[in-house]
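Colleague: Single-letter residue listing:
There are 2 protein chains.
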Amino acid sequence: MTDAPLDVVGIGNAIVDVLAQADDEFLATHNLPKGGMTLIDESQAAALYEKMGPGIECSGGSAANTVAGIAALGGRAAFVGKVRDDPLGQVFVHDLRAIGIEFDTRPAEKGVSTARCLVLVTPDAQRTMSTFLGASVALGPDDVDEGQVARAQVTYLEGYLWDLAQAKDAFRKAMKVAHEAGRKIALTLSDAFCVDRYRREFIDLAQHQIDILFANEVEITSLYQTADFDAALQQVRGHCEVAVLTRGDKGSVIVSGDEVHIIDPEPLPNLVDTTGAGDLYAAGFLSGLTQGRTLHECGRMGSIAAAEVISHFGARPEADLKALISDKLGN
Amino acid sequence: MTDAPLDVVGIGNAIVDVLAQADDEFLATHNLPKGGMTLIDESQAAALYEKMGPGIECSGGSAANTVAGIAALGGRAAFVGKVRDDPLGQVFVHDLRAIGIEFDTRPAEKGVSTARCLVLVTPDAQRTMSTFLGASVALGPDDVDEGQVARAQVTYLEGYLWDLAQAKDAFRKAMKVAHEAGRKIALTLSDAFCVDRYRREFIDLAQHQIDILFANEVEITSLYQTADFDAALQQVRGHCEVAVLTRGDKGSVIVSGDEVHIIDPEPLPNLVDTTGAGDLYAAGFLSGLTQGRTLHECGRMGSIAAAEVISHFGARPEADLKALISDKLGN
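Here the protein sequences come in this chain order: Z and E. Under the numbering used here, think of the first position of the first sequence as 2, with each following residue one higher. Under the numbering used here, think of the first position of the second sequence as 2, with each following residue one higher.
One chain only, chain Z, in its complex shape:
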């Protein structure tokens, strides 16, 4: 047991990514909606893997990528998520602990294997994901350590988990504990299809439970069922304390009460693979926030971290993010 303060605890799926290159025709043939995330079962995962090109394996999972980014930026982070006690699970655990992240969720000792996400990267650098949730589905409220949540300035929740009944209960417990301890709750909407499945619940969360909401343009317009970004912006403004809206190569917008910040995108030397862009934006933003920086600086930090991760394959930072940010922000 420890009582060390934490900047962020992330709760999400514990997934190992398998990245491979593919073309649009391959996506069409296999009915994979480009840019989206499709849930698949173990036999579908095996069938798709069989058809995929050669891959590289690396730890992923949206909230896990975010806490990895926070650690890379010098923050103190923890992760809650469920692996199986199998080789892929060991890889996932290793990759978080190796960068100093507190990760004590007990692995499942039976049942399905560690979750895998088959990520197909098209020549335009877009990623299309097919996820076998595996052992992730076993995450439940018992895995949420009340003391750990209370130690963290921000508890960061991954919208993807809303697909799982037990995980929803884990979220509800985390939200209650965090707010009772005077802490903040952040949520990322994760995926437009995910928003579609739970629109009413997510709007209710945004209004009553979430302090900091992360969404990209497709997700936020889907949430409020409008085609117009500005219309969605006006709606979310009345809901959360802070809304962070990312718009790909159009930059990002941060809204908090009367404040609105428009952050231009970072110049991008080399676009290779967009996997992890949103996750690392959140990492940069939350790092800034927990360091007490202005919302404008938080947005810049998000943009810089996102630009780094999309300049190479894989969803976790490779470069020295801390140096990159102090270089670009001059502090």
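Everything labelled a hint here was simulated from the structure, so no lab data went into it. A portion of the hints provided could be inaccurate.
Unchecked claim - Quick look at which bits of chain E chain Z covers, simulated, 3 or more residues with Cβ under 8 Å: (1) 128-142; (2) 309-320.
Claimed, not checked - Listed next, the in silico DSS-like pairs over lysine-lysine satisfying Cα-Cα at most 30 Å (straight line): (3) Z:K185 / Z:K169; (4) E:K329 / Z:K111; (5) E:K169 / E:K185; (6) Z:K323 / Z:K251; (7) E:K185 / Z:K52; (8) Z:K169 / Z:K35; (9) E:K169 / Z:K323; (10) Z:K185 / Z:K111; (11) Z:K323 / E:K329; (12) Z:K111 / E:K174; (13) E:K185 / E:K52; (14) E:K111 / E:K185; (15) E:K251 / Z:K35; (16) Z:K52 / E:K35; (17) E:K169 / E:K111; (18) E:K185 / E:K329; (19) E:K35 / E:K52; (20) Z:K251 / Z:K174; (21) Z:K251 / Z:K177; (22) E:K174 / E:K111; (23) Z:K111 / Z:K169.
Stated by the list, open to error - The calculated label-pair distances, taken between Cβ atoms and stated as ranges, are: (24) Z:F230 / E:D321: 33 to 43 Å; (25) E:G141 / Z:D105: 23 to 33 Å; (26) Z:R173 / E:G141: 55 to 65 Å.
Beta carbons are placed, not taken as given, at the ideal position from N, Cα and C, and that holds for glycine.
Chain Z is already provided as a structure; the job is to place chain E on it using the hints.
Modeller: This is chain E only, laid out in the frame that chain Z set:
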């Protein structure tokens, strides 16, 4: 059974690489000779992995990387190597078959797990490897299919396998079958430490069994125990039919009877990770050779393939090598 002709059959270790970044101090602390390959056992692998930073996993193995490069260049290739029937073994098999490589070696059903190579990449892009050979050690003469070797223009052997008694017998069988069928045998020396362990045997092979020898500067000078590259060049000239000597950023030299070709290095936009440089040079060279190209063109193809693989993490090509080469060679 098939009787389709093959360009190259590669025989080597079936290894999954785990790549992580490290600094020189980490190498010193763990007694890892920079740029070299150290053999470790399963418990040493577990202990080192525990200390390493976060990694990415991708299929590797020297000869396997070479046949992957040959397939990427449009050649017909096969691989012989031993995995265990475990998840890492499945990854290894998938990654070769997914690019059309004939790979029918029966996986081991018991014993140690699939081989892993812990690759530490330092900021200067050098790679230092620690290899747990795992199921690879079970490769033996029974795994060499005489018909397959006889179908291949070139049988390519990985010097690393010389560490294993059964694999040596597999090599001897492959050399005999290939030569009886009027085919060529190629060998890569693999590693200066490996050359050190088997100098006398490798010289004997070079004189009597090997038609095409691949070595880098450190390996060839170690083989002939001289500090001078030119001295080693003169010695090897009298030994093999073709010797292909790579010199890193100094380019490469090809020697065959009276012919000597000096190939300047390719311009390199971005040096990231030297893992696989030698393997992909061999892929480009052997592709050219089996297409009946001149030795000069073979050398250029090797240089181009090597330059691609060192511009990103991992030891297998990511770019369209075939297009790259037809672009650069103009045919």
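Colleague: A separate judgement is required for each hint: does it hold in the structure or not?
Modeller: Checked hints:
no.: 1; hint: 128-142; verdict: violated (count 0)
no.: 2; hint: 309-320; verdict: holds (count 5)
no.: 3; hint: Z:K185 / Z:K169; verdict: holds (18 Å)
no.: 4; hint: E:K329 / Z:K111; verdict: violated (54 Å)
no.: 5; hint: E:K169 / E:K185; verdict: holds (18 Å)
no.: 6; hint: Z:K323 / Z:K251; verdict: holds (24 Å)
no.: 7; hint: E:K185 / Z:K52; verdict: violated (34 Å)
no.: 8; hint: Z:K169 / Z:K35; verdict: holds (27 Å)
no.: 9; hint: E:K169 / Z:K323; verdict: violated (49 Å)
no.: 10; hint: Z:K185 / Z:K111; verdict: violated (34 Å)
no.: 11; hint: Z:K323 / E:K329; verdict: violated (39 Å)
no.: 12; hint: Z:K111 / E:K174; verdict: violated (45 Å)
no.: 13; hint: E:K185 / E:K52; verdict: violated (43 Å)
no.: 14; hint: E:K111 / E:K185; verdict: violated (34 Å)
no.: 15; hint: E:K251 / Z:K35; verdict: violated (44 Å)
no.: 16; hint: Z:K52 / E:K35; verdict: violated (38 Å)
no.: 17; hint: E:K169 / E:K111; verdict: holds (22 Å)
no.: 18; hint: E:K185 / E:K329; verdict: holds (28 Å)
no.: 19; hint: E:K35 / E:K52; verdict: holds (17 Å)
no.: 20; hint: Z:K251 / Z:K174; verdict: violated (36 Å)
no.: 21; hint: Z:K251 / Z:K177; verdict: violated (36 Å)
no.: 22; hint: E:K174 / E:K111; verdict: holds (25 Å)
no.: 23; hint: Z:K111 / Z:K169; verdict: holds (22 Å)
no.: 24; hint: Z:F230 / E:D321: 33 to 43 Å; verdict: holds (36 Å)
no.: 25; hint: E:G141 / Z:D105: 23 to 33 Å; verdict: violated (44 Å)
no.: 26; hint: Z:R173 / E:G141: 55 to 65 Å; verdict: holds (58 Å)
Violated hints for the displayed structure, listed by number in ascending order: 1, 4, 7, 9, 10, 11, 12, 13, 14, 15, 16, 20, 21, 25.
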